[in-house]
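Visitor: Listed below, chain by chain, are the residues.
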Amino acid sequence: MSKVVAATGNEAVANALRQVNPDVCAAYPITPQTELMQRFASFVSDGQVKTETILVESEHSAMSACVGAAAAGGRVVTATSSQGLALMWEILFIASGLRLPIVMPVVNRALSAPINIHGDHSDAMGARDAGWIQLWSENAQEAYDNTIQAFRIAEHMDTRLPAMICLDGFIISHSIERIEYLEDDEVKKFVGEYRQLNPLLNIEHPVSYGPLILTDYYMEYRKAHNEVMTKVPGIVLDVAKDFEKISGRKYSLFDAYRLEDAEIALVILNSAAGTSKDIVDEFRSKGVKAGLLKPRLYRPFPYKEIGEALKHLKAVCVLDRADAFGGSYGPVFIDIAASLYRYKEKPLLINKIYGLGGRDYFPEHAALVLNELIEIVKTGEIKTFKEYIGVRE
Amino acid sequence: MKLKGWRELTPGAVILEAGNAVKFKTGSWRAFKPIWKEENCIQCLFCWLFCPDMAVKVKDGKRAAFDYECCKGCGICALECPGKKGKKAIVMVEEGT
Chain A
1 MSKVVAATGN EAVANALRQV NPDVCAAYPI TPQTELMQRF ASFVSDGQVK TETILVESEH
61 SAMSACVGAA AAGGRVVTAT SSQGLALMWE ILFIASGLRL PIVMPVVNRA LSAPINIHGD
121 HSDAMGARDA GWIQLWSENA QEAYDNTIQA FRIAEHMDTR LPAMICLDGF IISHSIERIE
181 YLEDDEVKKF VGEYRQLNPL LNIEHPVSYG PLILTDYYME YRKAHNEVMT KVPGIVLDVA
241 KDFEKISGRK YSLFDAYRLE DAEIALVILN SAAGTSKDIV DEFRSKGVKA GLLKPRLYRP
301 FPYKEIGEAL KHLKAVCVLD RADAFGGSYG PVFIDIAASL YRYKEKPLLI NKIYGLGGRD
361 YFPEHAALVL NELIEIVKTG EIKTFKEYIG VRE
Chain B
1 MKLKGWRELT PGAVILEAGN AVKFKTGSWR AFKPIWKEEN CIQCLFCWLF CPDMAVKVKD
61 GKRAAFDYEC CKGCGICALE CPGKKGKKAI VMVEEGT
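Chain order of the listed sequences is A and B.
Take the first sequence: its position 229, counting from 1, is numbered 229 in my numbering, and each next residue is one higher.
Take the second sequence: its position 55, counting from 1, is numbered 55 in my numbering, and each next residue is one higher.
Treat the hints with caution; some may be incorrect.
What the hints assert, rightly or not - Some chain B residues near chain A, calculated using beta-carbon distances under 7 Å:
no., residue
1, Ile15
2, Leu16
3, Leu45
4, Pro52
5, Met54
6, Ala64
In short, the hints are calculated from the structure, not lab data.
Just so it is clear, CB atoms sit at the ideal spot from N, CA and C, and this is done for glycine as well.
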């Protein structure tokens with residue numbers, strides 16, 4: 001049985017954390033994540049969870065405390081945004097390198113300078129190769145569902161990897177939407193009892209965490225980390241299957257929207273995918289074979305599956321809500337291009353940078369891009385490979 | 001010792017065996033080697049006490065030979081050694097000489 005409520009994205013994710021009832025939470029407030037942790041802290045104060053909260057003086061300390069608590073043998077959560085994630089950066093690699101299944105909602109926000117509090121993906125994109133799993137969420141429902149599933153994925157005994165759940169700052173974190181909550185018991189049963197792996201607090205079997213690994217073994221550990229990442233997509237699909245049984249909601253590695261018979265398509269993450277789907281529908285009703293692909297599991301990136309899903313198309317636009325300044329293209333474009341690289345026949349690709357610092361992404365933007373793709377298919381020619389949209393000249 | 005392949009490693013490089021630092025042979029780090037001169041030794045065991053590794057061996061309460069598989073050549077034992085009548089019982093000699 002589920003309960004339908006009106007809630008913000010932050011509220012929904014905080015509620016998921018309440019239902020999971022983790023052992024330890026060390027977090028530091030930062031806009032737009034603040035409301036999430038404020039709500040969770042209320043659950044702690046009201047005795048609705050047994051979580052030990054640790055007050056810390058920075059995100060660097062928050063993630064460090066999470067690493068300690070997870071190594072000790074606890075189920076551990078935190079959450080952050082933007083500069084907070086940037087400050088955690090050093091410890092992100094320690095959490096993943098020690099293979100500690102910490103679960104962290106990331107409420108996506110632009111990076112300073114200039115200082116900005118609104119939603120874009122620069123923060124999580126900067127940490128995409130930190131050895132963590134990343135699940136991205138279109139709306140509050142997906143953020144709630146991804147948070148619950150993240151525990152099962154991260155804590156899987158074959159992987160033991162930390163996981164981020166990304167949701168757009170303000171657009172999702174602070175907007176009220178219709179959300180279906182699962183029953184507390186169902187969530188509890190779904191995530192199950194936390195299973196420890198080599199906990200520090202087991203004094204019967206003393207272990208050491210964090211040894212110095214030099215030239216003779218470092219590369220073997222890195223290879224092992226990369227290999228274990230290849231198991232994640234299968235686990236994500238298994239967990240999604242189980243989740244569907246209790247929720248009725250289907251999840252996969254990515255969302256393929258009207259893609260099967262499409263000739264042109266957009267690839268876009270998170271909330272802007274929702275806006276774009278409406279325009280895809282509009283173009284479909286005009287007889288244009290348009291589609292959309294929204295990555296869900298972004299790290300590890302399912303190159304093979306995404307390549308297979310896109311290779312038949314004639315032209316694709318990848319929209320990035322982050323840029324690689326002075327680099328070649330936006331981060332999603334680079335991954336999409338790499339997933340298509342292996343095929344002889346592949347779509348023409350263009351890259352648009354949109355919505356930085358919370359700049360609105362309007363339906364007109366999606367229409368503009370789809371019209372450009374129609375033109376590219378017609379002429380077989382790309383005029384501009386990478387371009388900012390929704391920006392003043 | 002045969003080095004392990006990546007498939008044989010513990011997740012996260014966690015060490016599961018307590019006290020296995022004894023297996024970590026650090027002798028190859030050494031640039032200077034301590035030489036024990038028994039004739040100048042007063043059996044104070046300062047060298048055993050001060051050694052930051054496990055390179056000074058003691059047998060039946062008496063100073064025994066260095067374990068050169070562990071000794072990093074830090075020279076602390078030679079510095080601390082009081083010797084006998086102004087003559088050190090431990091001297092540092094450059095490796096390969």
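Visitor: For every hint, state whether the structure bears it out.
Guide: Here's how the hints hold up against the structure:
Of the supplied interface hints, the one on Ile15(B) holds, with its beta-carbon coming within about 4 Å of a beta-carbon of chain A, less than 7 Å. Taken as an interface hint, Leu16(B) checks out: its beta carbon lies about 6 Å from the nearest beta carbon of chain A, inside 7 Å. Nearest Cβ of chain A to the Cβ of Leu45(B): about 29 Å, over the 7 Å cut. The hint is violated. Annotation: interface hint on Pro52(B) violated; nearest CB of chain A at approximately 15 Å, more than 7 Å.
With a least beta-carbon distance of about 17 Å to chain A, the hint placing Met54(B) at the interface is violated under the 7 Å criterion. Below 7 Å, beta-carbon pairs count as interface contacts, and Ala64(B) has none with chain A, the closest being about 29 Å; its hint is therefore violated.
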